[in-house]
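Here's the letter readout for the chains.
Number of protein chains: 2
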Amino acid sequence: MTNTADTNVEAVHKAAGAKPGSRRFDRRALLTGGAAGVGIGAVLGLGAALGVPALQGAGEDPAAASTDDGFGAESISCHGTHQAGIVTPPAAHVRYVAYTLLPETDKAALQRMFRIITGDVEGLTSGAAPLADSEPELAARPSALTITVGVGPALVDRVGAGRKPEWLAPLPSFERDKLSEIHGGGDLLVLLQADDPLAIAHAARMIDRDIRSFVKPHWTQQGFRQTRGAEKPGTTMRNLMGQVDGTVNPSPKEKDFSSVIWAESTGSDAWLAGGSALVVRRIRMELDTWEMVDRPGREQTIGRTLSDGAPLTGGSEHTAIDFDAKDSKGLPVIPSFAHTRRAHSTDPSERIFRRGANYDEGGESGLIFACYQQDPLRQFVPIQRRLDELDLLNEWVTHVGSAVFAILPGFKQGEQLGASLLAS
Amino acid sequence: MTNTADTNVEAVHKAAGAKPGSRRFDRRALLTGGAAGVGIGAVLGLGAALGVPALQGAGEDPAAASTDDGFGAESISCHGTHQAGIVTPPAAHVRYVAYTLLPETDKAALQRMFRIITGDVEGLTSGAAPLADSEPELAARPSALTITVGVGPALVDRVGAGRKPEWLAPLPSFERDKLSEIHGGGDLLVLLQADDPLAIAHAARMIDRDIRSFVKPHWTQQGFRQTRGAEKPGTTMRNLMGQVDGTVNPSPKEKDFSSVIWAESTGSDAWLAGGSALVVRRIRMELDTWEMVDRPGREQTIGRTLSDGAPLTGGSEHTAIDFDAKDSKGLPVIPSFAHTRRAHSTDPSERIFRRGANYDEGGESGLIFACYQQDPLRQFVPIQRRLDELDLLNEWVTHVGSAVFAILPGFKQGEQLGASLLAS
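Sequence lines, in order, name chains A and B. Heads up: the first sequence runs through residues -2 to 421, numbered per the working numbering. Heads up: the second sequence runs through residues -2 to 421, numbered per the working numbering.
Hints may contain errors.
Since the list can't tell identical chains apart, any single copy or any two copies may satisfy a pair.
Stated by the list, open to error - EDC-like mimics (lysine to aspartate or glutamate), calculated; alpha carbons at most 16 Å apart, straight line:
no.: 1; residue 1: Lys229; residue 2: Asp305
no.: 2; residue 1: Lys175; residue 2: Glu392
no.: 3; residue 1: Lys213; residue 2: Asp285
no.: 4; residue 1: Lys175; residue 2: Glu386
no.: 5; residue 1: Lys229; residue 2: Glu71
no.: 6; residue 1: Lys229; residue 2: Glu314
no.: 7; residue 1: Lys213; residue 2: Glu101
no.: 8; residue 1: Lys175; residue 2: Glu361
no.: 9; residue 1: Lys175; residue 2: Glu283
no.: 10; residue 1: Lys104; residue 2: Asp154
no.: 11; residue 1: Lys175; residue 2: Asp385
no.: 12; residue 1: Lys409; residue 2: Glu119
If you are wondering where the hints come from, they were derived from the structure by calculation, not from laboratory data.
The following block holds chain A by itself, in its conformation from the complex:
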């Protein structure tokens, strides 16, 4: 593949002062039928196409700082030791876009691809719009947009042998999994999060357009949390089963948080230092039968109240669960099959950092479960193994999609996403 198109993109990205329109077909060529495949010749006969107004460049003030209220102009820096979108506050809207590498995308092409992605991420998240952005007005209000990039096993292999961490592979299978290819795997992940779906739609489209000569789309999942401004401040999100979801989660403020999620290997996968391992699971909910269960039954299933997520052993949401508590009959207050009991681990090395979102589309509802950790085999898998073996909640949830990605380390201004991988 000669990659003419992406060389152009790259040129636009690199060229200082390049005209924003330089990547597009010339309007006149288009209107005179010069652009193949657009086919407006028939219309042309009607004339009047020649009254060209003064050219209005794409870069003309689209990102002027706004002084109005609201959060549209808010941007989160994409630069840092770690990528944005992992420990930054969860956004209201999320889109996972997974791609498969084209066969001809070699290491040199990956270099170009990551250079392009880096420029797009910098432009889109800052609201300045990348140079080649065809609708800069749609990029002007990033609404706390973050774009987080991960790589699958095949991409790491494409760079060269011996770089892959052991966990960068499909997860071991679980008894109850009903995985579909439609929502699983992938070589490249572009994870977009923002408080506005328009910002995500536009950013996803720009990146997609710019990397299409290297990859083809594999799967997409869109999710949401309660939107910004609608949530009760200080509350943990609720999933579509009505449960408070995500209460037990290590805080970035905890002193050993680094050892929970940030890769720190010094071995053959040292390129990943500062990155993380992401597990994404699409968990379908069977709401029709779930809603047949009365509230006490649903609360026993979880081990927490529905009203505020407090443990059935008392207190409020963040009170520690007393797994030893017995009721007046001497039976455990938190049943042996309760989700919280099965998910609970006394081993601190099994902690994961969760970041879920609801999905509800195409007649299916559920949770896009996502967790970050150093090593899914050590951290996520033992937890999921316990849930897979016994968890009453399994009657109403089914894992239908699964993917594992190495989330690239962060990058500074002037650096490039994926540089350590490609340099290794």
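Given the structure of chain A, go ahead and fit chain B onto it with the hints provided.
Leaving out everything else, chain B in the frame of chain A:
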């Protein structure tokens, strides 16, 4: 059909002080395997299911007025001469859910169905949660939720002959239409709009559950505008082509606005007085080729600037377009094929009230075009006929879905949605 299920729902809705859980299977019956089809017997052997905590009723304080910031607690009254969600401010999120009547749903069943819908609409939009709501916590923050109900031709026929307005039928076909059954037609429309997708997901689910013994799902479309708090205040929405979309729209403040959208027939369709006619068109955008066109070309296609939606003949967004203006070569500044010229009508009886939303899912992007009017044949069709015949924008947009609904008149507290139709 005996409609046992919906009679139950109805009973719950009607019974003063009915226990919220009364419609659900008893937890103990479930845990002892009494509920068919749930199949948790295997788990049961593990015991410990009997430590029932104090019952926590569904109605327990879910809708307590919140005193925090944000708009989560905002509710829009569903009562009035007209239904909410038509001229109320457009929400960030929208979901159209169209249903087909089951063959056995007769007029008496429709009475019951509309009684149930009325209760659901009242409860869900107020944040109080309907009595049978299984996750009242998800209903507690309606975020300006509106639920607007419309009926298709088959439903009106089911009530009895001779009640149907002439326009309540599939639209006449247009040359360029590529309509798919997947997004067209329908007997009942439930249109949900809110500033929070969680409020919509929950409300859609509750209504769906409650009316499933009368109807089956036909199609669903989800859309969005820039989210509340992200938009630049006072700006008109942008579609995914980057255009300011919806500038020319009659305002409810105009003195003849009533004659644009509210039905006022005194004939056989007098039951619709205070209602409206809704046309929904799913318009796919070909963004790949659209983005090949440079900005002047795209602006000529529309007749407006991309930066702020001002006419190419000058001024700002809301300046009237000067269709007679010529450039220095004597050619029209607004080309003969420009979208704005073709959409423009000098006949005030052709006005429509638009209310669009973007969609971007399943690899397809576009606009869910919606317009309200007294009579689509008189108002929407001539406009669409002109666009169908000639509009350069057609190179990049295709109508792939179409539906027409009679939007029911509003209702007061104590009244029922659809009462005039069913009484006629």
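Comparing the hints with the structure gives:
Within a single copy, Lys229 and Asp305 get their C-alpha atoms as close as 12 Å, which meets the 16 Å cut-off; across copies the closest is 35 Å, which misses it. Proximity of Lys175 and Glu392 under a CA criterion of 16 Å is satisfied intra-copy only: 13 Å inside one chain copy versus 42 Å between copies. Taking the closest pair of Cα atoms, Lys213 and Asp285 come within 16 Å of each other only across two copies (15 Å); inside a single copy the shortest separation is 36 Å, beyond that limit. Taking the shortest alpha-carbon separations for Lys175 and Glu386, only the intra-copy value of 15 Å comes in at or below 16 Å, while the best inter-copy value is 50 Å.
In this assembly of identical chains, the alpha carbons of Lys229 and Glu71 lie at most 16 Å apart only when taken from different copies (12 Å versus 21 Å within one copy). Taking CA atoms no more than 16 Å apart as the test, Lys229 paired with Glu314 passes inside one copy only; the shortest distance there is 14 Å, against 37 Å between copies. Taking CA atoms no more than 16 Å apart as the test, Lys213 paired with Glu101 passes inside one copy only; the shortest distance there is 12 Å, against 47 Å between copies. In this homomeric assembly, Lys175 and Glu361 come within 16 Å of each other (Cα to Cα) only inside a single copy, at 14 Å, whereas the closest approach across copies is 27 Å.
For the homomeric pair Lys175 and Glu283, the shortest alpha-carbon distance inside one copy (14 Å) is at most 16 Å, but the shortest distance between copies (35 Å) is not. For a Cα distance limit of 16 Å, the shortest separation of Lys104 from Asp154 inside one copy, 10 Å, qualifies, whereas the shortest one across copies, 65 Å, does not. In the homo-oligomer, the alpha carbons of Lys175 and Asp385 lie at most 16 Å apart inside one protomer (12 Å), although the nearest pairing across protomers, at 46 Å, exceeds that limit. Only within a single protomer do Lys409 and Glu119 lie at most 16 Å apart by alpha-carbon distance; the minimum there is 10 Å, versus 53 Å between protomers.
Every hint from the earlier list agrees with this structure, and none is contradicted.
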